[in-house]
Amino acid sequence: MIAVKNLYKNFGKTNVLKAVSTTVEKGEKVVIIGPSGGGKSTLLRCMNLLETPTYGEVWVEDKLLTPVDPYLHPEIIRLSSTYKRMTEGGATDEEVIAEIKKNDLLRRFEGRDYASAIRTYQKQNTLDVNLARRKIGMVFQHFNLFNNKTVLDNLTLAPITLKLKSKAEAEEQAYALLKRIGLEDKAKVYPSTLSGGQKQRIAIVRALAMKPDYMLFDEPTSALDPEMVGEVLSLIKELAASGMTMVIVTHEMGFAREVASRVLFMADGVITEEGAPEELFENPKTERLKDFFSKVL
Amino acid sequence: MFEDLGKILTSSEYMGYIWQGFGTTLLVTLIAVLIGLVLGFIVAIIKIAALNSKWMKIPAFICSIYTTVIRGTPVALQLFLMVFSILAFPGFKPVAAILTFGINSGAYVSENIRAGIMSVDKGQMEAGRSLGIPWTYTMVKIIFPQAIKNVVPAIGNEMISLLKETSIIGWVGSTVGTLTFDLNAASGIIALGLGGAYLAPSIIVGCFYLVVVYAMVLLIKLVEGRLRKSDRR
Numbered sequence: 001m002i003a004v005k006n007l008y009k010n011f012g013k014t015n016v017l018k019a020v021s022t023t024v025e026k027g028e029k030v031v032i033i034g035p036s037g038g039g040k041s042t043l044l045r046c047m048n049l050l051e052t053p054t055y056g057e058v059w060v061e062d063k064l065l066t067p068v069d070p071y072l073h074p075e076i077i078r079l080s081s082t083y084k085r086m087t088e089g090g091a092t093d094e095e096v097i098a099e100i101k102k103n104d105l106l107r108r109f110e111g112r113d114y115a116s117a118i119r120t121y122q123k124q125n126t127l128d129v130n131l132a133r134r135k136i137g138m139v140f141q142h143f144n145l146f147n148n149k150t151v152l153d154n155l156t157l158a159p160i161t162l163k164l165k166s167k168a169e170a171e172e173q174a175y176a177l178l179k180r181i182g183l184e185d186k187a188k189v190y191p192s193t194l195s196g197g198q199k200q201r202i203a204i205v206r207a208l209a210m211k212p213d214y215m216l217f218d219e220p221t222s223a224l225d226p227e228m229v230g231e232v233l234s235l236i237k238e239l240a241a242s243g244m245t246m247v248i249v250t251h252e253m254g255f256a257r258e259v260a261s262r263v264l265f266m267a268d269g270v271i272t273e274e275g276a277p278e279e280l281f282e283n284p285k286t287e288r289l290k291d292f293f294s295k296v297l
Numbered sequence: 298m299f300e301d302l303g304k305i306l307t308s309s310e311y312m313g314y315i316w317q318g319f320g321t322t323l324l325v326t327l328i329a330v331l332i333g334l335v336l337g338f339i340v341a342i343i344k345i346a347a348l349n350s351k352w353m354k355i356p357a358f359i360c361s362i363y364t365t366v367i368r369g370t371p372v373a374l375q376l377f378l379m380v381f382s383i384l385a386f387p388g389f390k391p392v393a394a395i396l397t398f399g400i401n402s403g404a405y406v407s408e409n410i411r412a413g414i415m416s417v418d419k420g421q422m423e424a425g426r427s428l429g430i431p432w433t434y435t436m437v438k439i440i441f442p443q444a445i446k447n448v449v450p451a452i453g454n455e456m457i458s459l460l461k462e463t464s465i466i467g468w469v470g471s472t473v474g475t476l477t478f479d480l481n482a483a484s485g486i487i488a489l490g491l492g493g494a495y496l497a498p499s500i501i502v503g504c505f506y507l508v509v510v511y512a513m514v515l516l517i518k519l520v521e522g523r524l525r526k527s528d529r530r
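Taken in sequence, the protein lines are chains A and B.
For the first sequence, position 277 (counting from the first letter as 1) is numbered 277 according to the working numbering, and the numbering increases by one without interruption.
Every position in the second sequence, counted from 1, becomes a number in the working numbering once 297 is added.
These are computed hints drawn from the structure, not numbers from a lab.
Backbone N, C-alpha and C define an ideal beta-carbon position, used for all residues, glycine too.
Fair warning: there could be bad hints in the mix.
[To be verified] Calculated cross-link-like contacts (lysine to aspartate or glutamate; reagent style EDC-like; alpha-carbon spacing at most 16 Å):
# : chain 1 : residue 1 : chain 2 : residue 2
1 : A       : K13       : A       : D268
2 : A       : K63       : A       : E25
3 : B       : K419      : A       : D62
4 : A       : K149      : B       : D418
5 : B       : K438      : A       : D153
6 : A       : K135      : A       : E238
7 : B       : K438      : B       : E462
[As the list claims (entries may be wrong)] Computed footprint of chain B on chain A; a stretch qualifies when at least three of its residues, placed anywhere within it, have a C-beta under 8 Å from a C-beta of chain B:
#  : segment
8  : 120-134
9  : 144-154
10 : 157-171
11 : 204-214
Put together the whole structure using the sequences plus the hints.
Now the structure itself:
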């Protein structure tokens, strides 16, 4: 499970994500749709911390990837000197906590108890982001194959560098993966000689070489020529059918409907509507989504 | 002038000066280039690492003072400062002079290398990191090899200007037979011998510079060709 809790992301003064919370359960295929600039990609990139959220927490299984967000933990707020000061004035616990959350009243330094509570919590729950990323594969819009490496080296670099596999094992696996997508003959070439569709399929199996539990797809077909979209989508569908947990940001509505177990509609930095694909596509409830469908369908 | 040219080319004394100066110029440039490359590389790494780690922020600040001061002041001033005040130890003059050129070159090289690293597509680092490969490994295995390709022409350019910059080494006083007696100093001493005719010796010395620069250009092309291998296949 990947859980994001109360996620905020600010780029300068623009709020790209505003209090986004959602949980991706094992085996789910979550598709995120929505207008450009709505925060879809940012949310996806926060899930493996390629983007650091401004506030909020990201959890993978029972491990925390981000720093602790004290606003999500009333027991930590209660240790802060701000809380102590406010309750001395006679206000009740609930009121004070609500007030602190609402007005962002926690300061950088809130006393020793507060600091040590945060440290302890962090120590108990945090997982090194590099370890977490091994289990979360990511596929990018622009493929991002390593240009200075052959296709084979692209597939074996991470397992070998991270000492998860010997060179021979990694290459054996790489050939098996290339065979699966029918590109064994491309093992020794450099990415610059490949078509977009080939690059993206190799990028997908490069992520698979780490045997991830989750896959994140960031508009995997947006940079492709139309005739190559099909081959990439069918590989993703195959992967979905094999039971992989996936989060996909896409503009391909037909594909979204077909592959999704849950669809999130994001606009203006919030999840405006979510639900099963049939429900969402047949009966959009919000004006925003109806408006969006009228433009893209 | 042609008469003077003939005199120089036929005089073994004058040609001796020139060959000696030629050796000095090459040696000084070579050592300065090496110092510059090492220094420039370290400074560039520190500046780039500061983007990833807050512990490098202060070293990076020091590095940016270094590049600002060195690139912002004339190399002649740096040379005088080093030779006559900072490293003014007896018999230390050539070392101080060579160090000056190395330190000067390092500032320019560091900016070239930094620009080369920054020019590599951000997606390359993201791809590495998304696979769980730590920042340092991704830098070494993915980013540097691609940055080098972009950096070689600029570094070559820097080496060429450094070669010619070393021609002021004689300004701190050059004695025949020491490491401050370079091509330009040889040209000066010959001109005095010819009664103040500077043109002819300067032209001959200029030809020596030109040949060296041309050799450097060929070398750079060779290196570039080798590094571009992965683009062509």
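Note to self: Can you confirm whether chain B covers the segment 120-134 of chain A, using C-beta to C-beta distances below 8 Å and requiring at least three such residues?
What the structure shows: holds (count 5)
Check: Regarding the pair A:K149 and B:D418, is the alpha-carbon distance no greater than 16 Å?
Finding: Between A:K149 and B:D418 the Cα gap is close to 15 Å, so the pair holds against 16 Å.
Check: Is B:K438 close enough to B:E462, meaning Cα to Cα at most 16 Å?
Finding: Distance ~35 Å between B:K438 and B:E462 Cα, so the pair is violated.
Next item on the list: For the pair supplied as a hint, A:K63 and A:E25, confirm whether the alpha-carbon distance does not exceed 16 Å.
Entry: holds, 14 Å
Next item on the list: Below or equal to 16 Å on CA atoms is what counts here, so check A:K135 against A:E238.
Entry: It is violated: about 19 Å lies between the C-alpha atoms, which goes past 16 Å.
Margin query: How does the segment 204-214 of chain A fare against chain B when you require at least three residues with a CB closer than 8 Å, holds or violated?
Written below: holds (count 3)
Item checked: Proximity test - 8 Å, beta-carbon atoms, the segment 144-154 of chain A to chain B, at least three hits -> holds (count 6)
Next item on the list: Would you check the hint for B:K419 and A:D62, treating anything up to 16 Å between C-alpha atoms as holding?
Entry: It is violated: about 31 Å lies between the C-alpha atoms, which goes past 16 Å.
Item checked: Holds or violated: A:K13 to A:D268, with C-alpha atoms at most 16 Å apart -> holds, 14 Å
Next item on the list: Mind taking a look at whether chain B covers the segment 157-171 of chain A? Criterion is 3 or more residues with CB to CB distance under 8 Å.
Entry: holds (count 4)
Next item on the list: Mind checking the alpha carbons of B:K438 and A:D153 for me, to see if they're no more than 16 Å apart?
Entry: Since the Cα atoms of B:K438 and A:D153 sit roughly 11 Å apart, the hinted pair holds (cutoff 16 Å).
In this structure, the earlier hints numbered 3, 6 and 7 are contradicted, and the remaining ones agree with it.
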